Amino acid sequence: MTWESTPFADMVREANEAPGMTWRKLAERATDPQTGQSLTHNTLWKIAQGDMVKIAPWVIRAAAAALGRPVREVQAAAAEQYVGLVAGDPFDVSSPDAAVVVAHVPGLRRADMPQVEALLRNWAAAPERTTP
Numbered sequence: 066m067t068w069e070s071t072p073f074a075d076m077v078r079e080a081n082e083a084p085g086m087t088w089r090k091l092a093e094r095a096t097d098p099q100t101g102q103s104l105t106h107n108t109l110w111k112i113a114q115g116d117m118v119k120i121a122p123w124v125i126r127a128a129a130a131a132l133g134r135p136v137r138e139v140q141a142a143a144a145e146q147y148v149g150l151v152a153g154d155p156f157d158v159s160s161p162d163a164a165v166v167v168a169h170v171p172g173l174r175r176a177d178m179p180q181v182e183a184l185l186r187n188w189a190a191a192p193e194r195t196t197p
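Numbering (the working numbering), first residue to last: 66 to 197.
Since the hints were made in silico from the structure, they are not lab data. The structure presented is a predicted model; accordingly, all values stated were derived computationally and were not measured. Cβ atoms here follow ideal geometry from the backbone N, Cα and C, with glycine treated the same way. Some hints could be false.
[What the hints assert, rightly or not] Label-pair ranges, simulated between beta-carbon atoms:
| hint | residue 1 | residue 2 | range |
| --- | --- | --- | --- |
| 1 | R78 | G101 | 24 to 32 Å |
| 2 | V166 | T87 | 31 to 39 Å |
| 3 | K111 | G85 | 18 to 26 Å |
Taking the hints into account, I'd like the entire structure generated from these sequences.
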């Protein structure tokens with residue numbers, strides 16, 4: 066079975082399709098707030114085409130800035146596209162204090178992961194532990 070998904074490329078293409086947007090204008094917004102490094106319009110175009118680009122944390126943060134999306138959302142899209150893993154909270158157990166992210170192969174549903182669900186439920190039910 067061949068699986069091809071391009072959620073990261075889709076995000077970038079959609080951002081460029083906004084009225085009045087160009088690759089150069091999108092690149093003007095593509096600056097990593099931590100390092101100050103910027104993506105070029107050519108790199109954004111390559112991402113949108115599904116071409117391989119060197120992915121680093123600053124690239125994801127710069128893309129998130131350009132797209133106006135949360136970094137975690139862009140990280141998950143890039144992981145799915147380049148690594149083939151879907152990352153998310155299929156059990157809807159995240160809270161403001163803790164984010165639960167399960168990485169799994171595409172096509173799995175909550176019902177397909179009973180051991181993961183049991184592990185998360187046990188973790189959530191455990192009394193708080195303190196370290197001496």
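To see whether the hints hold, each was checked on the structure:
1. R78 with G101: 24 to 32 Å: Distance hint for R78, G101 holds at roughly 26 Å.
2. V166 with T87: 31 to 39 Å: Once the Cβ atoms are compared, 34 Å apart, the range 31 to 39 Å for T87 and V166 holds.
3. K111 with G85: 18 to 26 Å: holds, 22 Å
Hint violations for this structure: none, all hints satisfied.
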